[in-house]
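Visitor: Okay, here's what each chain looks like letter by letter:
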Amino acid sequence: MSELLALPWHEARAEVSPREYLDACLDAIAARDGAIRAFLHVNRDAAGDGLPIAVKDNIVTTDMPTTCASRILSGFRSPFDATVISRLRAQNAAIVGKTNLDEFAMGSSTEHSAFGVTRNPWNLDCVAGGSSGGSAAAVAARMVPAALGSETGGSVRQPAALCGVVGVKPTYGRVSRYGLVAFASGLDQIGVVTKTVRESADVLGMIAGHDPMDSTSSTHPVDDYASELEEGVRGLRFGVVREAIEQLTGEVRENFDAALAVLRGAGAAVEEVSVPSISYAIAVYYIVANAEASANLSRFDGIRYGHRSSSARTLEDVYADSRAEGFGAEVKRRIMLGTFALSSGYYDAYYGRAQRVRARLRHDFSEAFRKFDFLLTPTTPEPAFPVGAKTGDPLSMYLSDIFTAPANLVGIPAIAVPSGFARNGLPLSLQIMAPHFAEKAMFRAAAAYERETQFWREKR
Amino acid sequence: MWNAVIGLEVHARLQTRTKIFCGCAVSFGAPPNTQVCPTCLGYPGALPVLNREAVELAIRMAIATGCTIHHRSIFARKNYFYPDLPKGYQISQFDEPLATGGSVNGIRIRRIHMEEDAGKLIHHGDASHVDLNRAGTPLIEIVSEPDIRSAAEADAYLTRLRQTLMYAGVCDGNMEEGSLRCDANVSVHREGEPLGTRTEVKNVNSFRFLRAAIDFEIARQIQVLEAGGTIVQETRLFDPNSGETRVMRSKEEAHDYRYFPDPDLLPLEIEEEWIDDVRTALPELPAARVARYQNEHGLSATDAEILVTSREIAEYFDAAAAASGNARAAANWVRNDVLRIQNERGACRLSAEGLAQLIRLIDAGTIGSKAAKEIFDEIATTGEDPRAVVERKGLAQVSDPAVIREAAAKVIERNTTQVEQYRAGKTQIFGFLVGQLMKETRGKANAEMANAILKEMLGG
Amino acid sequence: MNIDREEARRIAELARLDLDDDALVRMAAEMTKILTYIDQLREVDVEGFEEHTAEATPLRDDEPRPSLDRSSAERNAPQWTGGFFVVPKVIGGE
Chain S
60 MSELLALPWH EARAEVSPRE YLDACLDAIA ARDGAIRAFL HVNRDAAGDG
110 LPIAVKDNIV TTDMPTTCAS RILSGFRSPF DATVISRLRA QNAAIVGKTN
160 LDEFAMGSST EHSAFGVTRN PWNLDCVAGG SSGGSAAAVA ARMVPAALGS
210 ETGGSVRQPA ALCGVVGVKP TYGRVSRYGL VAFASGLDQI GVVTKTVRES
260 ADVLGMIAGH DPMDSTSSTH PVDDYASELE EGVRGLRFGV VREAIEQLTG
310 EVRENFDAAL AVLRGAGAAV EEVSVPSISY AIAVYYIVAN AEASANLSRF
360 DGIRYGHRSS SARTLEDVYA DSRAEGFGAE VKRRIMLGTF ALSSGYYDAY
410 YGRAQRVRAR LRHDFSEAFR KFDFLLTPTT PEPAFPVGAK TGDPLSMYLS
460 DIFTAPANLV GIPAIAVPSG FARNGLPLSL QIMAPHFAEK AMFRAAAAYE
510 RETQFWREKR
Chain W
286 MWNAVIGLEV HARLQTRTKI FCGCAVSFGA PPNTQVCPTC LGYPGALPVL
336 NREAVELAIR MAIATGCTIH HRSIFARKNY FYPDLPKGYQ ISQFDEPLAT
386 GGSVNGIRIR RIHMEEDAGK LIHHGDASHV DLNRAGTPLI EIVSEPDIRS
436 AAEADAYLTR LRQTLMYAGV CDGNMEEGSL RCDANVSVHR EGEPLGTRTE
486 VKNVNSFRFL RAAIDFEIAR QIQVLEAGGT IVQETRLFDP NSGETRVMRS
536 KEEAHDYRYF PDPDLLPLEI EEEWIDDVRT ALPELPAARV ARYQNEHGLS
586 ATDAEILVTS REIAEYFDAA AAASGNARAA ANWVRNDVLR IQNERGACRL
636 SAEGLAQLIR LIDAGTIGSK AAKEIFDEIA TTGEDPRAVV ERKGLAQVSD
686 PAVIREAAAK VIERNTTQVE QYRAGKTQIF GFLVGQLMKE TRGKANAEMA
736 NAILKEMLGG
Chain L
725 MNIDREEARR IAELARLDLD DDALVRMAAE MTKILTYIDQ LREVDVEGFE
775 EHTAEATPLR DDEPRPSLDR SSAERNAPQW TGGFFVVPKV IGGE
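Protein chains in written order, with this note's numbering: chain S, 60 to 519; chain W, 286 to 745; chain L, 725 to 818.
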């Protein structure tokens, strides 16, 4: 049975009935999740002849709780399904459970969950990454063939990278946000985690498309994402972001160079390109994202749902105590930063300025895409780190997003593909970025690389 | 010599079927929390989608007040915590509102912007009860420049503004139900000196209260300043029982609303074509009608104002004036009688055409004004065609000179004493003789004609 | 950018977060460190750059859609009576 879950879904489907496959997933979860803790909630009664899939617990479901890994949502049951959930159900997907995350998707290690940390299947002492650590670990441990995560600064690609699986961030507006609990509305997108590129292309095709319930969702037509997977990269132009690799050293650098060699070997043109403002991306991200988050999280006030402090006597207590008790330290920190960045006297210097630097970053990316079909960086500056290694230093944790955050700020699609392993056995990952709505080409490039390397087949 | 400087901020509820950002019906009197959905409840994952009709109505009012409509305007989040505000922010407009720069009654309008209403808070002993049915109702906020100089001027401005809103079908103008809410900013200064500090007087929700509150506040501020004190910038509430304003909260603790563009909504784009269509479809507005009634029909300004009290009345008048060919008469009947019946009984069932018929009957001499007044109340109740009533009651005047002469001859023959007295110079006895003539014709003689003929036959 | 305890207190108040003195001091230090990193944005030349979306917000027809059954709101409410959400009495009013 575990061999079954090691196969790409469309191959496994050819061998067994949907019910057997679904049972294999549920059995794998029961057998393996104790040590990994990818799931916050498992639906053992999940049914559906289609794709078994796990969903990050910041995507609302009517038939299971939604906690966002936060105490402030204890007891909450959403009265509506997210659009992506409705679409999956309409295609007979079996939603097997809700996965763990950093609280409200704020983090890069899933250590900021109120319900325990998700472990990296490759090394249980290490983090699975975040914030979609549960989704990445569930796929990496072969408990499910696919999982939905969410992206704001890299929260699907980074954990996918650390867990040795494929992680996709679609173009902003490609997938409906209706039902995704908002972190930073102008950056958030639901993303996909799978073992292989083909599976990601299939799943994205199941959820992508315009939604009238989301004003920011795009009417751009949905391509057949798996239709060019065999085309290869001959003649395609890849730009290596100079400012990203300048500081790269050691095995991450070697691994990245090896990936470039593979692409060249497959006929691609690979050159350096400058994206000058990219080094400011993290600073921009941590102002813009936290500012939007500070407003998005104001609705958690103990009045209409979730946790209300039992010691609250006055209205002010209801607000301040419920929120202080319900939110974890990282969430509070980000709300504070965001509130500050929007506050009177500081708006222009922080939020205003960050948005203008963001406009500049957009411009720099546009310029780069004139000459290149794709842009390349490693997905993360280092492989998975030990649990506890960075929780004492928020800023160092933020820097894990240094290669992923730019795509969120600019709105372009990006994919993380396994690129090998570090000497300590932990996965490494290559990131391919593409222009807006060029997912089909992006999958083509990623598939070509995957075809040459096949790292997804490695066993733990 | 003290001058008052007053500006009004008016919130008007738009007459749409659904809320501004969700499809919940806007209806009054529904049981609490039954006209709600995830979006207007501020549930996690919910998103706003803008109501086209709300924009249409906002455009209408902007055109009706001579504002410049901005082709691009931005929704912004106004962040503060209050139990009737589910998201912890109100979606409003800040830096880039829908419209600016109009005027009403010579008072300049600074801006008109769109926003959502909050829910309702009902106090209940130690607790407050929250009903979110109203949350998300579309509003426009109309902000005047501080051009108003007195309570009377404020009344006139608000009257015309309200009329305009109702004429344009934008708002039902019902102040008791809160469809129209008004806040006043008031300051005083000595002639020739700089402007004073202003206070805000909130929720003055009837014309009477508005005048009383402004008068009180002006007097209060003058009193404070004359005694050597200073005016504190603060928010005050008008208490109708005492006729006084009292402090609500000091603006020192004024909210830092941390406005920023709402990332869940893209910019609102309004093309010139839309504006043109709305402008074409606008009915004739009160100010224009008042001018026309004076110019075309020679009506006084006072009468013209009464006729434009509501669009319904104005259109009724127009129809009656056109059909009868006698605008002055129509004006008098509407002003004195139609409105009276409406006030007394709630409705006048005499159609404009019916009124025109009545006027034509009088103008043709078929009935006298006295008879007309007599049947008016009846036809105002039944809506019957006045010609039918006149026929049925046999009220038609005698306007045939021959018939009157014959009757007059009889009167002269029978009252020889009085006739001799009249011819001898006792002219006041004419009244008695006219009375006899009216009796002879059973009151049906056309009074004017009877007078003239009798006088002639008496040789006077 | 330096954040001291008082500034942290002001921001916590705006954000309705009840933080005790120790927490405020810690938060102030963390924010200072992060904002100091973010202050590098001051050196970027942003002349001529404004964040601008080309797209327009979509508009919805003014057609009523079914509202939620009240039981959903009730089920999730921390405190509820007779169809209303309940909060401690609001003093002062808005």
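Hint data in this document are derived by calculation from the structure and do not stem from the laboratory. Some clues are possibly wrong.
Unchecked claim - No more than 20 Å apart at the CA atoms, straight line, and that leaves these computed lysine to aspartate or glutamate pairs for DMTMM-like:
hint: 1; chain 1: W; residue 1: 405; chain 2: W; residue 2: 426
hint: 2; chain 1: W; residue 1: 405; chain 2: S; residue 2: 331
hint: 3; chain 1: W; residue 1: 363; chain 2: W; residue 2: 294
hint: 4; chain 1: W; residue 1: 695; chain 2: W; residue 2: 741
hint: 5; chain 1: L; residue 1: 757; chain 2: S; residue 2: 452
hint: 6; chain 1: W; residue 1: 363; chain 2: W; residue 2: 541
hint: 7; chain 1: W; residue 1: 405; chain 2: L; residue 2: 745
hint: 8; chain 1: L; residue 1: 813; chain 2: S; residue 2: 376
hint: 9; chain 1: W; residue 1: 363; chain 2: W; residue 2: 500
hint: 10; chain 1: W; residue 1: 724; chain 2: W; residue 2: 685
hint: 11; chain 1: W; residue 1: 405; chain 2: L; residue 2: 798
hint: 12; chain 1: S; residue 1: 449; chain 2: L; residue 2: 754
hint: 13; chain 1: W; residue 1: 363; chain 2: L; residue 2: 754
hint: 14; chain 1: L; residue 1: 757; chain 2: S; residue 2: 389
hint: 15; chain 1: L; residue 1: 813; chain 2: S; residue 2: 184
hint: 16; chain 1: W; residue 1: 658; chain 2: W; residue 2: 698
hint: 17; chain 1: W; residue 1: 363; chain 2: S; residue 2: 452
hint: 18; chain 1: S; residue 1: 518; chain 2: S; residue 2: 287
hint: 19; chain 1: S; residue 1: 430; chain 2: S; residue 2: 330
hint: 20; chain 1: W; residue 1: 655; chain 2: W; residue 2: 670
hint: 21; chain 1: W; residue 1: 695; chain 2: W; residue 2: 670
hint: 22; chain 1: L; residue 1: 813; chain 2: W; residue 2: 411
hint: 23; chain 1: W; residue 1: 658; chain 2: W; residue 2: 670
hint: 24; chain 1: W; residue 1: 655; chain 2: W; residue 2: 691
hint: 25; chain 1: L; residue 1: 757; chain 2: L; residue 2: 767
Quick caveat: nothing in here was measured; it's all calculated off a predicted structure.
Visitor: Indicate, hint by hint, whether the structure satisfies it.
Guide: The hints, checked one at a time:
Only pairs whose Cα atoms come within 20 Å are accepted, and residue 405(W) paired with residue 426(W) is accepted, the gap being roughly 18 Å. As the CA atoms of residue 405(W) and residue 331(S) are separated by approximately 60 Å, the hinted pair breaks the 20 Å bound. For a cut-off of 20 Å, the pair hint linking residue 363(W) to residue 294(W) stands: about 17 Å separates their Cα positions. Of the supplied pair hints, the one linking residue 695(W) and residue 741(W) holds, its CA atoms being roughly 15 Å apart against a limit of 20 Å.
Using a Cα cut-off of 20 Å, the hinted pair residue 757(L) and residue 452(S) holds, with the two alpha carbons roughly 10 Å apart. Distance restraint check for residue 363(W) and residue 541(W): the Cα-Cα separation of roughly 9 Å lies within the 20 Å cut-off, and the hinted pair is therefore satisfied. Between residue 405(W) and residue 745(L) the CA atoms are separated by roughly 36 Å; this puts the pair beyond 20 Å, and the hint is violated. The suggested pairing of residue 813(L) with residue 376(S) holds, with an alpha-carbon distance near 12 Å, which does not exceed 20 Å.
Of the pairs offered as hints, the one joining residue 363(W) and residue 500(W) is violated, with about 32 Å between alpha carbons and a cut-off of 20 Å exceeded. Straight-line distance between C-alpha atoms of residue 724(W) and residue 685(W) comes to about 16 Å, which keeps the hinted pair within the 20 Å bound. For the hint pairing residue 405(W) with residue 798(L), the CA-to-CA distance comes to about 17 Å; that is within 20 Å, so the pair holds. Of the pairs offered as hints, the one joining residue 449(S) and residue 754(L) holds, with about 14 Å between alpha carbons and a cut-off of 20 Å not exceeded.
Our distance criterion of 20 Å between C-alpha atoms is broken by residue 363(W) and residue 754(L), whose separation comes to about 27 Å. A threshold of 20 Å between alpha carbons decides the hint, and for residue 757(L) with residue 389(S) the separation of about 14 Å falls inside it, so the pair holds. A C-alpha spacing of about 50 Å is found between residue 813(L) and residue 184(S), which places the hinted pair above 20 Å, so the restraint is violated. In summary, the hint linking residue 658(W) to residue 698(W) is not supported, as the alpha carbons are separated by about 33 Å, beyond the 20 Å threshold.
Of the pairs offered as hints, the one joining residue 363(W) and residue 452(S) is violated, with about 33 Å between alpha carbons and a cut-off of 20 Å exceeded. Restraint check for residue 518(S) and residue 287(S): the C-alpha separation of about 28 Å exceeds 20 Å, so the hint is violated. A distance of roughly 10 Å separates the Cα atoms of residue 430(S) and residue 330(S); the hinted pair therefore holds under the 20 Å criterion. Only pairs whose Cα atoms come within 20 Å are accepted, and residue 655(W) paired with residue 670(W) is accepted, the gap being roughly 18 Å.
The hinted pair formed by residue 695(W) and residue 670(W) fails the criterion: a straight-line CA distance of about 36 Å is larger than 20 Å. Between residue 813(L) and residue 411(W) the alpha-carbon distance is near 5 Å, which keeps this suggested pair within the 20 Å criterion. Pair hint residue 658(W) plus residue 670(W) holds up; C-alpha atoms about 14 Å apart against a cutoff of 20 Å. The hinted pair formed by residue 655(W) and residue 691(W) fails the criterion: a straight-line CA distance of about 24 Å is larger than 20 Å.
A threshold of 20 Å between alpha carbons decides the hint, and for residue 757(L) with residue 767(L) the separation of about 18 Å falls inside it, so the pair holds.
Consistency with the previously given hints fails for numbers 2, 7, 9, 13, 15, 16, 17, 18, 21, 24, ordered from lowest to highest.
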